[in-house]
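*Asks:* Let's have the full structure, built from the sequences with the hints guiding it.
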Amino acid sequence: MEFSKALLLDMLEKMVLIRRFEEKVYQLATRGVVHGSVHLCIGEEAASVGSTMPLEKKDYILPTHRGHGQGLQKGADPNRLLAEIVGRKEGLCKGRVGSMHFFDKDNNNLGAQGILGAQFPIAVGVGLAIKLKKMDSILACYFGDGTSNQGTFFEALNFADMWDLPIIFVCINNLYGMGTHYEDTCNIKVHQKAKLYNMEVKTADGTDVKDVYKKMSGLVKKVRKERRPAMIECYTYRFLGHSAFDNRPYRPKEEVKEWKSKDPIKRLEAELVQQGIKEEEIEKIKDKIEEIIKGSEEFALGADFPIFDPSMET
Amino acid sequence: MEFSKALLLDMLEKMVLIRRFEEKVYQLATRGVVHGSVHLCIGEEAASVGSTMPLEKKDYILPTHRGHGQGLQKGADPNRLLAEIVGRKEGLCKGRVGSMHFFDKDNNNLGAQGILGAQFPIAVGVGLAIKLKKMDSILACYFGDGTSNQGTFFEALNFADMWDLPIIFVCINNLYGMGTHYEDTCNIKVHQKAKLYNMEVKTADGTDVKDVYKKMSGLVKKVRKERRPAMIECYTYRFLGHSAFDNRPYRPKEEVKEWKSKDPIKRLEAELVQQGIKEEEIEKIKDKIEEIIKGSEEFALGADFPIFDPSMET
Amino acid sequence: MREITYGEALREAMAEEMRKDEDVILIGEDVGKGYRGCFGVSTGLFEEFGPERIIDTPISENTILGSGIGASLMGMKPIVEIMFADFIGVCFDGILNQVSKINFMSGDQFNLNLVIRLPGGSGGGTGPHHSQCLEGIFQSIPGLNIVLPSNAYEAKGLLKTSISLGKPVLFFEHKKLYKLKSGVPEQEYAIPMGKGRIVQEGDDLTIVAVSYMVEVAKKVSEQLKKENGVNIEVIDPRTVVPLDTELIGNSVEKTSKLVILEEGPLRGGIGAEVAAIASEKFFDFLDYPVKRIASKNTPIPMTPSLEKEVIPTPERVVEEIRDFLGLKKGLLIKD
Amino acid sequence: MREITYGEALREAMAEEMRKDEDVILIGEDVGKGYRGCFGVSTGLFEEFGPERIIDTPISENTILGSGIGASLMGMKPIVEIMFADFIGVCFDGILNQVSKINFMSGDQFNLNLVIRLPGGSGGGTGPHHSQCLEGIFQSIPGLNIVLPSNAYEAKGLLKTSISLGKPVLFFEHKKLYKLKSGVPEQEYAIPMGKGRIVQEGDDLTIVAVSYMVEVAKKVSEQLKKENGVNIEVIDPRTVVPLDTELIGNSVEKTSKLVILEEGPLRGGIGAEVAAIASEKFFDFLDYPVKRIASKNTPIPMTPSLEKEVIPTPERVVEEIRDFLGLKKGLLIKD
Ligand SMILES: Cc1ncc(C[n+]2csc(CCOP(=O)(O)OP(=O)(O)O)c2C)c(N)n1
Ligand SMILES: Cc1ncc(C[n+]2csc(CCOP(=O)(O)OP(=O)(O)O)c2C)c(N)n1
Ligand SMILES: [Mg+2]
Ligand SMILES: [Mg+2]
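Residue numbers (numbering that gives the first Met the number 0), protein chains in the order written: chain Z, 0 to 313; chain D, 0 to 313; chain Y, 0 to 334; chain P, 0 to 334.
In case anyone wonders, no lab produced these hints; they're calculated from the structure.
Do not rely on the hints blindly, as some may be mistaken.
Said to hold, decoys possible - Computed footprint of chain D on chain Z; a stretch qualifies when at least three of its residues, placed anywhere within it, have a C-beta under 8 Å from a C-beta of chain D:
id	segment
1	145-153
2	156-167
3	187-199
Even for Gly, the Cβ is constructed at its ideal location relative to N, Cα and C.
*Replies:* Right, dumping it as C-alpha cells:
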C-alpha cells in the first residue's frame with residue numbers, strides 16, 4: 000500500500016488532534032472542571048486513527064469507554080465533544096453524560112457504553128439492520144483487551160458469523176484492563192477468539208498508524224464486499240492511567256518506558272522528516288490543532304450548563 | 000478398555016432404570032399428576048450413564064434441565080426424585096421445585112437450573128472451592144448443545160483454564176435446542192469451543208454407553224490427577240419432545256427413525272446377548288427395575304403434599 | 000363483535016404492523032421455523048414474513064436483546080421475545096443500562112422503537128424459574144414503559160401502540176391469558192399509554208388489578224357482590240408506567256377504599272408504588288388503610304399445594320377482602 | 000473511641016473474618032494485586048492473604064458472581080465485589096434466579112453464606128452507568144437480605160454479620176461514604192439483621208433514611224431544628240430486607256408524620272414499600288400523607304447542573320420537608 004504525503008500528513012494531524020484534545024481534557028480534569036471519570040487514549044492515537052480513518056461517513060461505529068479518539072476520527076466536532084465532557088448544553092448529548100457515553104448520531108456514532116461488553120450485543124443489532132435494510136454500510140465495534148473476556152463477545156461473534164453481518168470487531172489491546180494484565184486474565188489471544196468463528200482476523204502494530212490503516216483498509220474493503228464479519232487487534236499502550244487519576248503502580252517502569260519510546264506521533268513525525276517533509280510543515284499542523292483546541296476550550300467552557308426539565312422524567 | 004460382564008450388566012440396569020423412571024414420569028404427566036414441565040432424556044440414557052458412572056461419590060455434578068438421568072446415576076433415590084417430581088413433601092427438595100431444578104446434596108448434586116447457562120458460572124465457583132479446599136474431588140458440569148451458545152460458557156472455560164479447575168464440561172448434544180437445530184445456531188462444534196481454551200476434549204458416540212464410559216473414565220482420571228479442566232461431547236438424541244407435550248414437527252421423520260434404530264438400551268442388550276448373556280438375565284434386571292419403579296410410584300403418590308409455612312417467606 | 004384469543008390478538012397486532020412497515024421485525028428463540036413461539040403466539044408469521052423478519056436465534060438472551068437495541072438504534076422497530084419473562088435476568092444489563100437510558104443519555108438523538116415481549120406469571124406448576132411476575136422490579140428503572148394487557152382487546156391495541164411509540168416498552172404477557180377469548184373489532188383501534196380503564200363500576204371499594212389479576216378481580220367482585228352485596232369498582236391501569244393516577248384517584252374519591260391486586264411478590268411490587276401514591280395524593284379520600292394483595296415473598300413453588308398459597312387465588316382474594324372490610328360470608332356490607 | 004473510615008471499617012471486617020475462617024475469600028475485578036479495589040477498600044488484603052483468597056478476575060461479572068455462588072454451595076463464605084453496583088445487571092440472573100432462590104429451591108439443603116458487595120450511589124458526576132442506587136429493584140426479589148450501612152461503625156458490624164449469615168446478602172456501600180470517619184470500637188461487636196437504629200430522637204417528624212441519606216438527614220434535621228424548631232427523629236433501618244417495621248411504627252406513633260429519604264429513584268423505591276407498609280399498618284397514627292423524597296425518575300446525569308436536580312441534595316430535602324409541613328424559612332413549627 001502506498002501512502003501519499005497528503006495522507007500521512009492528514010494522519011498526523013488527526014493523531015495530534017486527539018493527543019491535544021485529550022491533554023486538554025486531562026488539564027481540565029486536574030482543574031476540577033470535568034466531573035466524573037475520563038478515560039484517555041493518549042499513546043493509542045495510531046490505533047484510533049488507523050482503524051477509524053478507513054471507514055466512510057456512511058459507516059457506523061460503537062466506540063469504547065476510552066473512545067474520544069474513535070469518536071473524533073469518525074467526525075465528532077471537537078467543540079461539541081469537549082462541551083459534552085464538561086457537561087454543557089451545547090455538548091453532543093446536551094451535556095448529560097460526558098466523556099464515557101457520548102453518542103453522535105450525525106456521524107453515525109451509535110454511542111459508547113459505560114458497561115464493558117454491552118457494545119457486542121448492540122453491534123449484532125446494528126449489523127442486522129444494515130443487512131436487512133440492504134445498506135452498503137459497515138460497522139466498526141471497538142473494545143479493549145480486558146473486555147474480550149465478557150461472554151457477550153462470543154455471542155456476538157457467533158451471531159455475526161451465523162447471520163453474515165458486516166461488522167469489524169476492533170480490539171484496542173493496551174495490555175491492561177485497569178490494573179490487571181491481559182495475560183493474567185486469559186491465555187488466548189483476543190484475535191484467536193474471533194478466528195474460531197470463521198472470520199478473517201488481523202493483528203497490527205498499534206503504534207504504527209500505517210500498519211493499522213493498511214490492515215483496516217483491507218478489512219473494510221473485504222467486509223463491505225463480502226458482507227461477513229472480521230476482526231483486527233491493535234497492540235498499543237495507554238501512556239496515562241486507567242482513568243485520569245490512577246497512579247498505575249501495577250505497571251513496570253521499563254514497560255512504560257519502552258512503549259513511550261514507540262510514541263505513535265513521534266514515530267510518524269520521524270518518518271515524515273525522513274521522507275523529506277519540512278519541520279515547518281509539521282509545526283503548521285500542530286499550530287492549526289492548537290487553534291482548534293483553543294477554540295474548543297473557549298466554546299466548551301463558555302457554554303451554559305443544561306437546566307433540568309421535568310419532561311426528562313420517565 | 001475391558002468391560003467386565005458385571006459392569007455391562009450394571010450399565011444396562013442403570014439405563015433401564017432411567018428409561019423406566021422417565022416412562023413413568025411421562026405417564027404421570029399425561030395423567031395430569033405432574034405439574035409444570037418435564038424434560039425427558041429417553042433415548043439419551045447412554046450419555047447419562049456413560050458420563051456419570053465414572054464419577055465417584057466424592058465428585059460433584061451440576062445437571063441440566065433434562066437431568067433425571069444424570070441425577071439418578073449420581074445416586075439419587077428414585078423414590079425421593081419421583082416424589083419431588085410430583086411435588087410431595089418427601090421429595091428431594093421437599094416437593095417445592097420438581098423435575099427441572101432438583102438438588103440432591105447427599106449425592107453431591109449441586110442442583111439443576113431452569114435457566115440455561117446458569118450452570119457455567121456456578122461450576123467455576125465449585126471448581127474453585129474444590130481447589131482451595133485441596134479436595135480430591137472433581138466436578139462434572141452438564142449442558143446441552145443449544146446452551147453452549149450462552150456467553151457464560153466461554154467465561155467459564157476461560158476461568159477454568161486460568162485457574163486450573165478440575166471441571167469436566169459434559170455436553171449432551173441431542174442436535175436440537177427445543178425446535179432449533181444446533182447447526183442453525185452455530186457453525187462451531189461444541190467441543191471446538193472448549194478446545195480453544197487449552198483443554199483436553201473428547202467426542203463420544205452418545206448411543207454407545209461403552210464409548211462414553213471409556214472416554215469419560217479417561218478424562219476423570221486425567222482431571223483428578225492433573226487438576227485441569229476437560230470436556231466431552233456426547234452425540235445423542237431425545238426420542239420424545241422437548242418437554243412432555245411437544246409434537247416436535249421440526250424433526251424429519253427419517254431422522255427420528257434413524258436415531259431410534261440406535262436405541263442405546265437395545266444396542267447394549269444386543270451386544271450382551273451376542274456375548275452370551277442369557278435373555279433371562281436381562282429380563283431379571285428389567286423385572287428388578289420394574290419393582291423399583293412400582294415402589295417409587297407408590298412412594299411418591301402416597302406421600303403428602305407440603306404445607307405452606309410462613310417461615311418460607313423471605 | 001368477533002372473539003379471538005389473547006395469543007391471536009398479539010399475532011394480529013404483529014402481523015398488521017409488519018404489513019404496514021418493513022422495519023417491524025420479530026426476534027427470539029424459537030419464534031419462527033420450528034416452534035412458532037413457545038406459546039404459539041407467532042404461528043403463521045414465519046410463513047408470511049419469512050426468516051428475514053421472523054428471526055430465530057441461538058440461545059443467547061444478551062444478544063437477542065442486543066439485536067433489538069442495535070436495530071432500533073438504526074431506526075427499525077424490532078419486537079424482541081424473551082421466551083419466559085424469568086429469563087430477562089440473563090440480559091438485564093441491556094434493560095437497566097441501555098434500553099431504559101439511551102433516549103435520555105443520547106440527549107434525545109435517539110428514540111428507540113423497541114418492544115420486549117415477556118410472557119410471565121404462573122402457568123400452574125411451572126415453578127420458580129418459569130412463573131415470575133417481574134413488573135415490580137422494572138418499575139424502579141426510569142425510562143421504561145411497562146404494559147400489562149389483561150385480555151385480547153387490550154393485547155392487540157396496546158401492542159400496536161407499543162411498536163411505534165418511540166420509547167422502549169416492556170410488554171408483559173400472562174401465560175394464563177393466552178387461550179382466553181374476548182371481543183376484538185376487525186377495524187383498527189389504538190389504546191394510548193397511560194390511560195387506564197374502568198373494568199366495572201362500583202362504589203364500595205376500588206380494586207386496582209393488572210394482567211391476569213383483572214380476571215381474578217372480576218370473579219371476586221361477582222362473588223362478593225352476590226354474597227356480601229359489595230359493589231366493587233375494578234380498575235385496570237393497563238400500563239403501570241406511565242400510570243393513570245387520575246383514574247385511580249377518582250375511583251378512590253368515590254369508594255374511599257383501595258385494594259391493589261397483583262401476582263408479583265408483595266414487597267416492592269406495583270402495589271407498593273400505588274399504595275405510596277395513594278397515601279401521598281389521596282390521603283384525604285381514604286377511610287381505610289390501603290390494602291395490597293399479591294404473591295407472598297417466596298419463589299413460586301412448583302407443587303400445587305404451595306403454589307396456591309403463594310399466588311393470589313380468587314379464594315384468598317375473597318377472604319382477604321372480607322377481612323379487610325370486616326365481613327363474613329353472608330354478611331352484607333350495608334348491614 | 001478511635002475513628003476510622005468506612006472503607007477501613009469494611010477492610011477490617013473482611014480481614015478479621017478471613018483470619019478466623021479459611022472459608023472466607025474475596026473475589027472481584029482488581030480487588031488484589033494491581034488496584035486493591037477500585038475504591039481502595041481491599042488495600043493490604045492481598046499482601047496478607049495472598050492470591051488464593053484475594054482473587055483478581057477477568058472482566059466477566061457473570062462468572063465472578065457464579066464463583067461466589069458455586070463456592071458457597073460448597074460451604075465456603077465468599078465475598079464477591081462487583082466493582083460498581085451498576086454492573087450488577089450483567090450478572091443479574093445470578094441474583095434473580097440463583098442467589099435469591101437456592102436456599103428455598105433446594106428445600107433447605109443449602110444455606111448460602113454469600114455476600115455481594117455493591118458500591119453504589121452518586122460519586123459526583125460519575126454519570127448514568129456508575130451512580131445508581133439499585134436497592135429498590137432488589138427488594139422486589141424474595142430471598143435476599145439487603146444491607147445499607149450508613150457509616151463506619153455500621154459498615155463493620157453489618158459486614159461481619161453478613162459473612163456468616165447463612166443467607167445471601169446484597170451489601171450496598173456508598174461511594175460518598177468511603178472516606179467518612181466515625182467511631183468504631185477495637186473489640187468485636189455485631190449488628191443483627193433487621194434491627195434499625197434511632198440516629199437521633201425527635202417528636203415532630205420521622206425521617207427514615209438509608210445509606211448516605213442518613214448523613215443528609217442529620218444535616219437537614221439540624222438545619223430545620225435551628226431554623227424552624229422542628230425536632231426530627233431520624234431512623235436508619237440499616238437493612239431494608241428484613242425491615243424493622245416495629246421501630247418505624249413506634250416512631251410514627253410518636254410523630255404522626257413520616258418522610259422516607261433515599262437516593263434511588265422515587266418510583267418503586269424502598270420509599271414505596273415503607274410508605275405502603277405505613278399506610279397499611281400505621282394508618283391510624285398518621286396525621287399527614289406519607290412523603291417520599293428520592294431521586295427523580297431519570298438516569299443520573301453526569302453534569303452537576305442536572306445531577307443536583309435529580310438526586311436529593313440537602314437543600315432540596317429541606318425545601319421539600321418545609322413544604323410538607325407547611326413551613327417557611329424562619330417560621331417555627333410550634334407557631
Ligand atoms: C461491566 C463492567 N465491568 C467493569 C467495569 C469497570 N472498568 C472500566 S474500564 C475497565 C478496564 C477495561 O479494560 P479494557 O477492555 O482492556 O479497556 P481499556 O480500559 O484498557 O481501554 C474496567 C474493569 C465496567 N465499566 N463495566
Ligand atoms: C436462559 C434460558 N433460555 C431459554 C430457555 C428455554 N429452554 C429450555 S430448554 C431449551 C433448549 C435447550 O437446548 P439444549 O441446551 O440443547 O438442551 P436440550 O433441551 O436439548 O437437552 C430452551 C430454549 C431457558 N430455560 N433458559
Ligand atoms: Mg485494555
Ligand atoms: Mg439439545
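*Asks:* Against this structure, judge whether each hint is valid.
*Replies:* Against the structure, the hints:
no.: 1; hint: 145-153; in the structure: holds (count 6)
no.: 2; hint: 156-167; in the structure: holds (count 3)
no.: 3; hint: 187-199; in the structure: holds (count 6)
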